[in-house]
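Visitor: So the chains spell out like this:
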Amino acid sequence: MTTKLFGEPVRRREDARLIVGKGRYLDDIGHSALAAAFVRSPHAHARITDIDVEGALDVEGLVAIYTYEDLHGAMAEPLPVLIPHPQLTAARTGHPLANGEVNHVGEAVVMVVATDRYIAEDAAERIVVSYEELPVVVGVDAAREAAHAVHDEIPDNVGARHHQETGDVEPALAASPHTLSFTQYIERSASMPMEGKGVHARWDADDRSLRVYSSTQASTSVRAAIAAKLELSLEKVEVVAPDVGGGFGVKIVHPWPEELLVPMAAIALGQEVKWSEDRREHFISSAHERQQRQDVTVGYDDDGRITALDVHVWHDHGAYTPYGIIVPIITATQLVGPYVIPVYRVIVESVYTNTVIVTPYRGAGRPQACYAMERTMDRIADALDLDRAVVRERNLIQPSQFPYDQHLTFQDGRPVIYDSGDYPGLLDKLRALVDWSSVEDLRAQAAARGKLLGIGMALYVEGTGPGPYEGGHVQVLGSGKVLVATGLTSQGQGHETSFAQIVASELGVPIEDVEVTTGDTRRFPYAVGTFASRAAVMSGNAIALAARGVREKALRIAADVLEVDPGDLEIDEGLVQVKGVPGTSIPLRTVAVLSNPLRYAFDEAAKQATQFTTHDDTRPPVAEGDAPGLEHRDYYSPIRSTFASGAHAAVVEIDTQTWEIDVVKYAVVHDCGNVVNPMIVEGQVHGGVAQGVAGALYERMAYDKDGQLQNASFMDFLMPYASEVPDIDIDHQQTPSPLNPLGIKGAGEAGVIPGTAAIASAIEDAVGRRIAAMPISPTELYDLMRNDDTELTEAHRRRSGTGAMA
Amino acid sequence: MTNVDIERTVTVTVNGVPREATVPVRRLLSDALRHDLGLTGTHVGCEHGVCGACTVLVDGDPVRSCLMLAVQVDGRSVTTVEGLARDDNRGGQVLHPVQEAFRECHALQCGFCTPGFLITIAAGLEKRDNTVELTEEEVDDMVGGNLCRCTGYANIKKAVHHAAATMRDAG
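Chains as they are written, first to last, in the working numbering: chain F, 1 to 806; chain S, 1 to 171.
Just to be clear, a hint being listed does not mean it is correct.
In silico lysine-lysine, DSS-like type, Cα no more than 27 Å apart, as pairs [to be verified]: (1) K665/F to K158/S; (2) K22/F to K158/S; (3) K579/F to K4/F; (4) K481/F to K22/F; (5) K607/F to K429/F; (6) K429/F to K158/S; (7) K607/F to K481/F; (8) K451/F to K665/F; (9) K127/S to K158/S.
Hint data in this document are derived by calculation from the structure and do not stem from the laboratory. Every value quoted in this text rests on a predicted model; they were computed, and no experiment measured them.
Please model the complete structure; the sequences and the hints are all you need to start from.
Guide: The following block contains the structure:
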């Protein structure tokens with residue numbers, strides 16, 4: 001059977017347009033649109049005392065200028081807190097344009113609309129905004145100390161205290177044979193898609209309807225937000241995500257100020273308006289993620305088995321909390337990883353700083369969680385003089401223990417119950433793939449070349465595919481074409497291909513006949529969005545269910561025509577046929593025609609379904625409970641998330657002259673259940689690992705004490721080129737999810753999660769000094785090596801007699 | 001009108017076709033291609049010459065079109081991603097081996113950086129003697145100046161080898 005494409009490395013269908021320059025990204029739309037540009041705050045914390053637009057007024061081509069004073073009704077209210085949580089007791093959001101105060105460099109203050117972007121920027125630079133500067137809070141420690149407040153009415157800078165515990169941690173620690181404690185830090189990076197955000201809006205004044213294109217990960221919710229904020233009826237607003245040039249999380253946040261202001265201006269001006277974010281704007285006015293301080297105390301026995309774990313996280317969430325405390329909740333709940341932790345307590349204090357907001361960036365709190373747990377494992381191994389892999393092995397949840405309840409509440413409000421997995425299997429495969437036992441030989445070889453070599457590993461469990469739901473619609477046309485729609489958006493993951501594979505397999509049609517539309521509210525108005533490694537799990541299963549519905553209906557109609565039992569029929573290559581009886585068949589496209597009883601024949605195919613062609617006059621043409629058309633709409637709503645897992649290892653080699661850190665080997669073992677398209681999943685792993693290595697060694701947001709982002713360009717923010725990304729060895733394991741019909745788990749974020757933890761471990765192993773702040777640059781490593789106060793590892797003390805380290 | 005708004009008419013051969021555009025002298029080549037000539041396949045990722053998404057060929061050499069003014073290409077020849085494939089004289093197109101290789105090797109995900117890579121690699125491969133085995137150093141050189149956030153580059157490098165093999169086999 002040629003149509004069973006599920007699990008095959010089918011080449012991507014979207015590539016046909018993308019490789020010839022025929023993609024349609026946001027800025028490719030609306031050539032005659034007016035252009036918006038923004039005056040953004042140059043200060044991290046200030047009161048606005050005056051806005052003088054006089055100088056801009058004589059710029060030829062200027063069309064309109066908007067400040068907060070021009071916002072009315074719901075637009076003048078603060079932006080929504082998208083994900084409320086009872087422990088987010090002091091939520092704050094900004095306004096579409098600053099209302100008297102700015103809280104980070106880059107906050108939008110004035111919007112200018114002009115005939116083109118050049119002129120809009122000319123006008124913007126002639127607008128003079130006067131500020132009274134206020135004290136600035138930068139970094140998680142300054143926020144904790146709270147010498148100054150970001151928001152006056154929140155003097156301790158704490159937006160939320162999130163607390164979960166699975167038992168009484170203090171007595172459990174007191175009863176533990178050993179305990180150790182440490183503090184570590186992790187820095188900010190950002191999603192940094194190659195295409196920034198962008199919005200195009202067109203108002204049809206006669207129809208009083210609005211079409212908005214946005215480079216978003218959540219078009220249905222952008223639509224709802226625009227309707228609410230601009231006080232329009234929902235059916236008068238449609239939102240389309242065109243080709244999206246990467247998202248990685250930043251485009252799940254909505255409504256961005258520009259997603260409201262651009263449509264507002266389009267309506268007011270009666271003309272198309274477009275805003276396309278430039279790279280500097282993306283750095284200073286989109287979103288970042290990852291900065292945390294983590295205080296860890298762990299109890300363990302002589303074998304290295306954990307008896308109790310107590311973690312206190314301070315999470316920097318930036319100036320506002322539009323996305324709630326999703327990121328720190330994920331850190332708190334994913335921290336336990338693949339391990340049995342008898343008693344666990346986590347307290348997260350999520351704090352305000354005068355910096356860009358913090359919202360999910362691929363991994364979304366999980367890299368930090370993995371960093372905390374895996375570095376704890378390293379410390380236990382070091383203290384007991386045990387192999388780091390052995391300590392992990394002794395703490396792993398066993399395959400017989402599934403479903404495994406961690407007794408925590410996940411980001412979706414549902415219990416953290418691991419559905420399936422084989423963590424010892426992952427660890428075994430990883431040790432083999434990276435040749436874990438060879439490290440001492442490699443270390444000696446490197447030493448002979450004057451290099452320091454080290455190895456590290458990190459394991460993770462990733463909650464993927466959270467609800468509440470996604471939907472799918474499958475329709476067979478009389479032409480034989482199969483239209484598939486889901487409201488969930490795409491940002492480069494190949495959904496047009498994966499979803500087409502699912503439909504081709506479920507329905508028994510050639511993939512060439514399948515056309516997939518994503519993220520267009522005209523085609524599918526109910527959706528949640530693309531985030532949390534959920535597209536394949538959620539929309540994939542919804543589309544599979546919809547295809548099964550179509551199949552059932554097709555078999556029913558065909559059974560009538562062929563006068564056989566539906567159970568005797570199968571569909572292959574678009575032909576409904578009696579099993580084992582070649583020739584007794586009807587094309588699916590004919591079934592589609594027959595499914596819609598007609599009065600009017602508009603083409604040859606339609607004649608077959610007209611009223612004088614069909615002869616059964618004993619029943620109504622459309623039976624009771626039936627509907628015309630060979631189509632089906634269905635939804636998938638999971639009881640809870642499904643948990644993927646994986647294990648990474650890194651071997652680093654360090655030059656003792658330059659302290660350059662070279663990742664010479666990077667190994668990945670990956671388990672995301674059943675795989676729709678292994679080529680695409682492997683691509684996701686590659687991309688994730690590149691971002692993991694980037695977060696460990698290169699990328700950080702370099703804020704100075706005044707809250708100025710010092711590296712807000714691709715010249716200074718070290719996003720890796722090919723030369724920085726190591727070759728990756730991948731091995732796979734497939735533990736299907738019992739929770740969903742297709743048995744799949746999410747794969748989008750996995751690659752990024754263990755990078756920081758594994759590489760920190762490898763560097764520590766190489767140099768024998770504690771690595772407790774990531775990312776780490778050659779300069780920082782050099783400073784660490786020169787500093788007499790740097791803590792040495794026990795392994796180093798044990799090894800130092802060998803002369804591996806001078 | 002300020003002096004930056006002074007307009008000039010630029011005559012340029014784009015993808016083999018003579019084109020004319022009247023543009024303000026400050027108009028970037030990237031913007032002129034995209035917005036004045038409607039060739040939106042050239043993408044703008046940073047506007048400061050680092051990411052390479054906007055790379056086009058000017059008289060056969062790769063340049064960052066965001067670092068060049070449209071008036072600078074007056075009288076010259078520009079190739080964009082739309083010009084990489086050639087007509088098959090039957091109303092269709094024959095893809096460049098690099099384009100084929102990108103699809104075959106899954107060397108793109110979101111596709112936004114892809115035109116810059118395709119242009120740069122195509123120029124690199126066409127300039128070399130394809131009968132000589134391609135080295136990793138050459139591959140690194142061809143892909144090393146462009147940013148991609150999706151793929152981690154592994155499949156882009158694979159695609160360079162794949163395209164080189166196709167070009168060698170085609171003689």
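Visitor: Holds or violated: are the alpha carbons of K429/F and K158/S at most 27 Å from each other?
Guide: holds (25 Å)
Visitor: Hinted pair, alpha-carbon criterion (27 Å max): K607/F, K429/F. Please report holds or violated.
Guide: Violated, because 60 Å separates the two Cα atoms, which is more than 27 Å.
Visitor: Going straight from one Cα to the other, do K127/S and K158/S come out at no more than 27 Å?
Guide: holds (19 Å)
Visitor: Would you check the hint for K579/F and K4/F, treating anything up to 27 Å between C-alpha atoms as holding?
Guide: Satisfied, since the Cα-Cα distance of roughly 17 Å is no more than 27 Å.
Visitor: For K481/F and K22/F, compute the direct alpha-carbon distance and say whether it is at most 27 Å.
Guide: holds (22 Å)
Visitor: Has the given pair, K665/F with K158/S, been kept, meaning a C-alpha gap of at most 27 Å?
Guide: With a Cα-Cα distance of about 18 Å, the restraint between K665/F and K158/S holds, given a limit of 27 Å.
Visitor: Do the alpha carbons of K22/F and K158/S lie within 27 Å of each other, as the hint requires?
Guide: holds (23 Å)
Visitor: Keeping to a limit of 27 Å between CA atoms, is the pair of K607/F and K481/F held or broken?
Guide: holds (18 Å)
Visitor: For a C-alpha distance cap of 27 Å, please report whether K451/F and K665/F respect it.
Guide: holds (15 Å)
Figure legend: structure checked against the earlier numbered hints; the only hint not met is number 5.
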